[in-house]
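Visitor: Chain by chain, the residues run as shown.
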Amino acid sequence: MRIRRYIILRLLQFVPVVLAVIVINFVLIHLAPGDVAITLAGEDADPAYIEHIREVYGLNRPLHEQLFSYLGQVLQGDLGTSFRSREPVMDEILRRVPATLLLVGAALFISVVLGTAIGTLVASRPGSSIDTVASTIAIALYSIPVFWLGLMLVLLFAVELRWFPTSGMFSLIGPRDPVGRSLDIAYHLVLPMLALSTVWIGQYLRLARTAVVQVLNEPYITTARAIGFSSRRVLLHYALRNAMLPIVTVLGLQIGLLLTGAVLTETVFSWPGLGRLIYEAILTRDTPLIMGAYVMMSIMVALASLVADLVYAYLDPRVVL
Amino acid sequence: MSPGLVQMMRLWRDVLRGPVTFISLLIVLFIAGIALAAPYLGLPPPEVLGDELYAPPSAEHWMGTDNNGRDVLSRVIWGARLALFVAVGSAVLATLIGIVLGSVAGYFGGWLDAIMSRTFDVFLVIPAFFLVLLIAALFGSSITLIMIAIAITTWPRSARIMRSQVLSLKNRTYVQASLSAGASHSQVLMQHIIPNGLPPLVTDATLLMGLAVLTEAGLSFLGLGDQNTVSWGRMIFEGQRHLRLAPWISIFPGIAMLIMIAAFNLLGDGLNQILNPQLRPRKRAGRIVTGFADDVPLVAALEPAEDDLLAVRNLRMYYQLEGEWLKAVDGVTFGVPRGGSLGIVGESGCGKSSLGAALMQVLPTNARVVAGEVRFDGRTVLDVTSPAAAAFQSVRWTGMSMIFQSAMNALNPVLTVERQLREAYLLHSPDAGAAAARARIGELFDTVGIPRQRMSAYPHELSGGMRQRVMIALALLHNPALIIADEPTTALDVLIQDQILAEIDRLKEQLNLSMILISHDLGTVAESCERVAVMYAGEIVELAPTEEIFSNPRHPYTRSLIATLPNLFGPRRELVALPGEPFVPVGEMVGCRFAPRCPSAADICRSAAPASRIVGPGHQSACHFADDAERLSATRPLIGAAS
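These protein sequences, in sequence, are chains A and B.
For the first sequence, position 104 matches number 104 in our numbering, and the numbering has no gaps at all.
For the second sequence, position 456 matches number 456 in our numbering, and the numbering has no gaps at all.
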């Protein structure tokens, strides 16, 4: 009961955030030089046709009227129609979500699990040379521009060694049966996932290391050691569980950053995900699609932070929602 | 000099010390130098088309040429100029916005702060990169605009840091003094608060620079960068079409970018560690430590008896500091008879808790037991000369257990107390089932006086006194013969302290336990222990039966400790603390460690360390004047002016 109330309260807090995102984007788009109607109709279009376009899309109305009517639409769950494809924006977005989810999810899973594991191991010997080396490498890893790493992986594993495909999510003439299709997707997933997780892993390694080092200095760890639990058990059972807390928080806060990595990676590998969709929408000035994508993105970010807080509360009984 | 300036100078000194931080700084400076000198390096102009297309790296073109015959090396160096411009420009701009808004929010507080903090939060939620992307796509992509866009999306970070800095600084004495002297708010902000709040912002600005380079490169890679400048991201963007033919076009700018961003990040991280020393890892003490066993040939006057339950001889536990050893426990010898109790008292920092940790063999990573022998129940459980760690495992928690100070999170906050007790029970009685464990825990809860239904509580749901009772139950789990209680009542309120002490006393009698009670409070120890050991600077300076310590103290330090006790029956007097700092036993030591604070000190005290000697039945003291009761009592005990 209390949790339900908490969730509702938190969802209500999203409203100003989403509102701010809509207003900022709306103002930016409409302040920008250039006429959307001309873009839509084509440079050399007939003035009458341009006027017609304005009429159809409501571009000739005052800005605040356009904003309010858009807000009204969004409240009804309608994100409008894409200028380019003439399809509902919601459909366009939902069609692209699975590919991004697969890519980001797989890369995130690998980097969190591996990063946490290595970070925890390193944390048991703080100040050692292994620790210094691992921490320095971790920083170097997350300093790699992900798109460049993607290109280098393509160069090595796709162009030179021909182990993996250079781009896309499916083979052109691929297997049709579900198992074969899944394997085909997995095969295409390897390189983009490798690029993303290589860059991300450093961050989780550092986070886990810092968290575990701090937890290991807590008095209850001394108690556990005094009782006689093996250092492995202390590390894995006691320290790691408590160290998960800051990792969960950061995960919740960084969905926006993860999407940034995703859009660049999707571009390199022509991965048909949300990031590429936004990029294409920006290039073609597909205003409804841009707005819709940003609204969805900020909702995703806000939801992620809510989920992170719920997980946190589950892991730490001291937190009362 | 202002505190901020002092901090900056200290920062600089520490930068020179850490190799990684220093090298990163050198790299950043090197890149900056090359970038600024680009026009004077005699390189082919980056935009001039050459005849040699796709030339691989050679003596003439170190990094080859691109699809238009342009020299890649020259473009990489000119690209550094742009990266540096974006990095510095957007970081400075974001930090400035952050300083202004953050200090206004933090300084004036109230509703203004509430609104502004919410705004910072909203901005932090919006994915920055996409906003920059949109701005660049809509408003054209001049490099200045991109720089501003990056600053606009990253300033909330600086604003938040500045706000919390201001919140902590604005109540400082010098700020308040300046305000009451008539300075205006803006003067106070400009002169006192902002300069002193800057260091963490400088650190974060370094990280922002790395982020800015990455963002600009990402934009350029998507084809949205400034078309009129040479940018690393754009080089890679253009190079990817020629990846098969001329990979060097994209390889080199990426490496340059990686080096620059990593240097920024490593520098920022290093600065962060310097500013927050608690982030810095403690050095682990070396595994093999020799040469301390006969540091000072220590002769304890009172040797442990043959049949003592616990016998400790010449125990030394040292901490490794930067290149030095801190001798926390330095040659301690004592015995605890079966069913007997020993109190260990001293100020904080005297080594008493280190002694407890050494006995229980739970050393911090930077500590080592370097000498000594511990026998428990006739068996050697610790012997530095023949390291057999396993020897202690047979008595750990089953023969000897410990009560920790509860206020300091001695119980795991994320597990129920039942689960913690059960796991500890099953660890040493692996064959007993969960039911037996539950029965034993219930029994112990009855013993220490906690209702059984509280078993499923988490530590934070219990009061301090309850938590301490759980801690006692945990210590009693396997019927140990000896319990070490380390400050078991510190940080509890006075009434609860008495209850817990009475509880420990009762259990000691009832279960015929031996006990070591570690406390900073001589009074606490006096009530429940038969004998008292007074520790100072890692050594036991006096050891005697409890009545003897009070009626006939033979060490000036003991006398001073007694003088600080409140006295219910004696004449009313002001309670005082001991003046001066406890001696820190580091490095070579000459003379008596208490001499610098001792009211009775003579020349001999500063030149020769006193050996401990017997001064009465079961009574030893390590003072040159231990036998000179007249001299000891003639001088006033060490009592500072009450302040």
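Hints are computed from structural coordinates only; laboratory data are not their basis.
Because the structure is a prediction, the values reported are computed rather than measured.
Hints should not be assumed to be uniformly reliable.
[What the hints assert, rightly or not] Distance windows between CB atoms, simulated: (1) 71(A) <-> 112(B): 45 to 55 Å; (2) 434(B) <-> 5(A): 17 to 27 Å; (3) 413(B) <-> 230(A): 15 to 25 Å; (4) 280(A) <-> 88(B): 24 to 34 Å; (5) 156(A) <-> 50(B): 39 to 49 Å; (6) 177(A) <-> 413(B): 25 to 35 Å.
Note that CB positions come from ideal geometry on N, CA and C, so glycine has one too.
Visitor: Hints the structure violates: just list their numbers, smallest first.
Guide: 1, 2, 5, 6
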